Amino acid sequence: MNNLLEVRDLTKHYTSRHGFAGKRVVRAVNGVSFEIAPGEALGLVGESGCGKSTLGRCIARLYNVTSGSVTFDGTDITRLGGRALRPIRAGLQMIFQDPYASLNPRRRVGEIIAEPLHVHHRGNKAAMTARVASLLSDVGLGPEALTRFPHEFSGGQRQRIGIARALALDPKLIIADEPVSALDVSVQAQIVNLLADLQRDRGLAYLFIAHDLGVVRQIADRVAVMYLGGIVEIGPVASVFGSPAHPYTRALLDAVPVADPALTHRDRIRLAGDPPNPANPPSGCAFHPRCAWATAECRTVKPLLRTLADGRETACHHPLTARVEPADR
Amino acid sequence: MTEVKQRPAQGYWALALRKLMRNRSAMISVLVLVLIVLSCLSAPWYAKYVSHTNPFQSNLSGTIMRHGHAVEVLGAADNPLKLGIEPIGPSGRLGPYMLGADQQGRDVAARLLYGGQNSLLISSIAAIITLILAGLTGIIAGFFGGFIDAAITWALDALWAFPVFLLAISLSVVLIAHGLDIGPLRLDASSLALPISIIGIIYVPYVARPIRATVLTLRQSEFVLAAIGIGASPWRIVWRDILPNVISTIIVFAPLIIALNLLTEAALSFLSIGVQAPAASWGTIIHDGESLIYTRPLVAIAPGLLIVVTVIALNILGDGLRDALDPRAKLRL
Numbered sequence: 001m002n003n004l005l006e007v008r009d010l011t012k013h014y015t016s017r018h019g020f021a022g023k024r025v026v027r028a029v030n031g032v033s034f035e036i037a038p039g040e041a042l043g044l045v046g047e048s049g050c051g052k053s054t055l056g057r058c059i060a061r062l063y064n065v066t067s068g069s070v071t072f073d074g075t076d077i078t079r080l081g082g083r084a085l086r087p088i089r090a091g092l093q094m095i096f097q098d099p100y101a102s103l104n105p106r107r108r109v110g111e112i113i114a115e116p117l118h119v120h121h122r123g124n125k126a127a128m129t130a131r132v133a134s135l136l137s138d139v140g141l142g143p144e145a146l147t148r149f150p151h152e153f154s155g156g157q158r159q160r161i162g163i164a165r166a167l168a169l170d171p172k173l174i175i176a177d178e179p180v181s182a183l184d185v186s187v188q189a190q191i192v193n194l195l196a197d198l199q200r201d202r203g204l205a206y207l208f209i210a211h212d213l214g215v216v217r218q219i220a221d222r223v224a225v226m227y228l229g230g231i232v233e234i235g236p237v238a239s240v241f242g243s244p245a246h247p248y249t250r251a252l253l254d255a256v257p258v259a260d261p262a263l264t265h266r267d268r269i270r271l272a273g274d275p276p277n278p279a280n281p282p283s284g285c286a287f288h289p290r291c292a293w294a295t296a297e298c299r300t301v302k303p304l305l306r307t308l309a310d311g312r313e314t315a316c317h318h319p320l321t322a323r324v325e326p327a328d329r
Numbered sequence: 001m002t003e004v005k006q007r008p009a010q011g012y013w014a015l016a017l018r019k020l021m022r023n024r025s026a027m028i029s030v031l032v033l034v035l036i037v038l039s040c041l042s043a044p045w046y047a048k049y050v051s052h053t054n055p056f057q058s059n060l061s062g063t064i065m066r067h068g069h070a071v072e073v074l075g076a077a078d079n080p081l082k083l084g085i086e087p088i089g090p091s092g093r094l095g096p097y098m099l100g101a102d103q104q105g106r107d108v109a110a111r112l113l114y115g116g117q118n119s120l121l122i123s124s125i126a127a128i129i130t131l132i133l134a135g136l137t138g139i140i141a142g143f144f145g146g147f148i149d150a151a152i153t154w155a156l157d158a159l160w161a162f163p164v165f166l167l168a169i170s171l172s173v174v175l176i177a178h179g180l181d182i183g184p185l186r187l188d189a190s191s192l193a194l195p196i197s198i199i200g201i202i203y204v205p206y207v208a209r210p211i212r213a214t215v216l217t218l219r220q221s222e223f224v225l226a227a228i229g230i231g232a233s234p235w236r237i238v239w240r241d242i243l244p245n246v247i248s249t250i251i252v253f254a255p256l257i258i259a260l261n262l263l264t265e266a267a268l269s270f271l272s273i274g275v276q277a278p279a280a281s282w283g284t285i286i287h288d289g290e291s292l293i294y295t296r297p298l299v300a301i302a303p304g305l306l307i308v309v310t311v312i313a314l315n316i317l318g319d320g321l322r323d324a325l326d327p328r329a330k331l332r333l
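First to last, the protein sequences are chains A and B. When you line the first sequence up against our numbering, it's residues 1 to 329, in that order. When you line the second sequence up against our numbering, it's residues 1 to 333, in that order.
Worth double-checking, as some hints may not be accurate.
What the hints assert, rightly or not - Simulated DEER-style distance windows between Cβ atoms:
#, chain 1, residue 1, chain 2, residue 2, range
1, B, W13, A, R83, 32 to 38 Å
2, A, S186, B, W13, 31 to 37 Å
3, B, L17, A, G214, 42 to 48 Å
4, A, N280, B, P244, 40 to 46 Å
5, A, A126, B, L17, 28 to 34 Å
6, B, V308, A, G81, 52 to 58 Å
7, A, A259, B, I148, 51 to 57 Å
8, B, T217, A, A196, 41 to 47 Å
Because the hints were derived from the structure by calculation, they are not lab data. Here the structure is a predicted model, which is why all the values come from computation and not from measurement. From the three backbone atoms N, C-alpha and C, an ideal C-beta is built for every residue, glycine too.
Start from the sequences and build out the full structure, keeping to the hints where you can.
Below, the structure is given as structure tokens:
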């Protein structure tokens with residue numbers, strides 16, 4: 001087994017109670033499987049509310065999993081808790097979306113970055129101080145940041161502090177939950193470059209959650225597209241983004257604004273309507289109510305991920321790569 | 001990207017203190033409160049050197065010299081039938097019976113100072129009890145959730161559902177009638193510990209609920225998730241990440257709860273179920289002044305004024321603390 005991370009049929013359900021009327025189950029993540037090799041960056045894209053953050057937090061075991069399994073570095077961590085999980089956590093760290101919420105406002109930056117070292121008893125005080133200083137310089141901050149508070153930094157600087165904290169334990173996998181979506185565009189590029197450099201220098205693997213396809217294209221080797229709690233397409237970035245097989249992937253790509261109107265292709269597909277309520281998902285293919293190519297089969301039979309000729313997988317009865325466009329569009 | 005603003009790093013508390021110092025009304029309140037506390041602390045000295053009376057002993061037949069001739073401390077009432085008695089009125093200058101005497105001929109000014117000691121002591125210690133209990137229950141309920149949260153919330157709701165004064169009155173009646181035995185500890189009916197514990201308990205839900213709500217939000221915040229992701233133990237997270245972020249809420253509550261306690265203590269003592277005679281509190285002095293309200297209104301008005309001034313000062317200080325520590329919070333009592 002040479003995969004760093006293996007996720008099998010991962011499911012996360014939320015139960016909301018409505019008084020005495022009964023329970024409603026929201027299927028935030030519904031039977032997701034994928035794997036990440038050491039040093040590989042997997043992008044995870046999808047619109048808001050499709051369950052990508054929940055998936056990331058389930059893998060990091062910030063949330064308990066409803067069913068399925070998460071295997072990290074050969075260890076099944078799905079049901080591990082407390083003390084048993086602690087050594088595993090060192091290898092699997094998270095970077096969060098909101099750099100204003102992910103740092104405790106009452107603690108100094110030095111303490112924040114040293115916190116993982118304290119929790120895992122890495123070295124004595126002097127060794128920790130040296131380690132924190134070198135982490136700060138790795139993420140492009142000077143040692144004067146040590147004694148300052150998070151509120152004294154800009155969004156990009158704060159995200160660097162969050163990255164330094166994630167790096168402190170020398171993890172093998174970093175789950176980055178929309179790490180740049182809260183930042184200015186100019187700062188986004190700097191952070192993405194930093195993450196790419198760190199991946200190259202340290203052999204890090206990433207699960208890179210984003211809704212910005214451009215960022216994913218830049219950093220990811222493979223990409224998984226999520227829709228309503230399930231993966232609808234997964235494969236190398238070049239083939240998935242180059243010739244999407246799933247109509248939803250195609251719609252996502254077509255939704256990316258293009259600076260030059262002459263370059264937009266005529267036959268863009270636009271998504272109609274809102275994503276369905278995960279508490280009450282459509283029958284068959286979850287995407288069929290918004291899909292221009294939906295057939296009777298799509299309305300009744302749930303498509304499973306299957307491998308196409310070029311090695312990518314897609315969950316569609318009628319992958320786009322295998323047929324012509326509908327005539328009426 | 002690497003440059004950092006070259007201004008000395010200012011801690012949260014240092015910033016808050018500076019903000020509070022710039023708040024003029026809060027500083028005036030602090031001054032007023034310090035004056036009141038210092039005056040109350042000087043009570044023994046006042047009784048010995050200024051009023052020359054024992055404020056805990058009746059002085060039914062004494063006389064003092066005033067305007068060159070002897071005056072009875074408890075004179076005959078000034079009505080046609082000469083029925084009843086009329087305590088000596090305020091002298092208006094520093095000395096014996098500056099604010100007059102009560103029905104037992106005791107110096108009201110000296111009793112006010114001693115009574116203030118008790119009132120302030122009870123309110124402050126009860127507030128400390130309230131804040132510690134509320135902090136513990138609120139943090140534990142909000143952080144651990146599930147069954148623990150349900151049990152604590154239920155208990156707080158049950159306490160909350162009692163009408164505050166009815167609860168205090170019934171507790172007081174039982175405890176003050178019989179005292180309380182806790183193992184080797186024997187509290188008798190006149191102990192201040194009884195009103196302190198009663199008042200300290202009844203307002204716990206008042207504070208615990210907003211703390212629980214704050215902790216619930218913090219529990220979902222990304223920096224707590226980050227701490228979980230690091231592998232920090234729950235107690236470490238409570239201590240390092242939760243507590244520093246709710247302590248400001250707790251501190252903001254402190255003056256407001258002291259003010260509330262002061263009013264509760266006065267009400268209980270007025271109903272003779274708080275501080276027990278011969279000890280005094282502002283509430284008992286109002287009670288003493290009740291029957292003199294037409295002839296010697298100052299006996300009831302003076303402690304009432306002190307309560308009002310102290311409560312207003314505490315509330316203004318509470319507002320100032322909130323602005324300095326927790327500007328987004330909307331809590332108000």
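Quick rundown of the hints versus the structure:
| no. | hint | verdict |
| --- | --- | --- |
| 1 | B:W13 to A:R83: 32 to 38 Å | 34 Å, holds |
| 2 | A:S186 to B:W13: 31 to 37 Å | 35 Å, holds |
| 3 | B:L17 to A:G214: 42 to 48 Å | 47 Å, holds |
| 4 | A:N280 to B:P244: 40 to 46 Å | 42 Å, holds |
| 5 | A:A126 to B:L17: 28 to 34 Å | 33 Å, holds |
| 6 | B:V308 to A:G81: 52 to 58 Å | 55 Å, holds |
| 7 | A:A259 to B:I148: 51 to 57 Å | 55 Å, holds |
| 8 | B:T217 to A:A196: 41 to 47 Å | 35 Å, violated |
Of the numbered hints listed earlier, the single one contradicted by the structure is hint 8.
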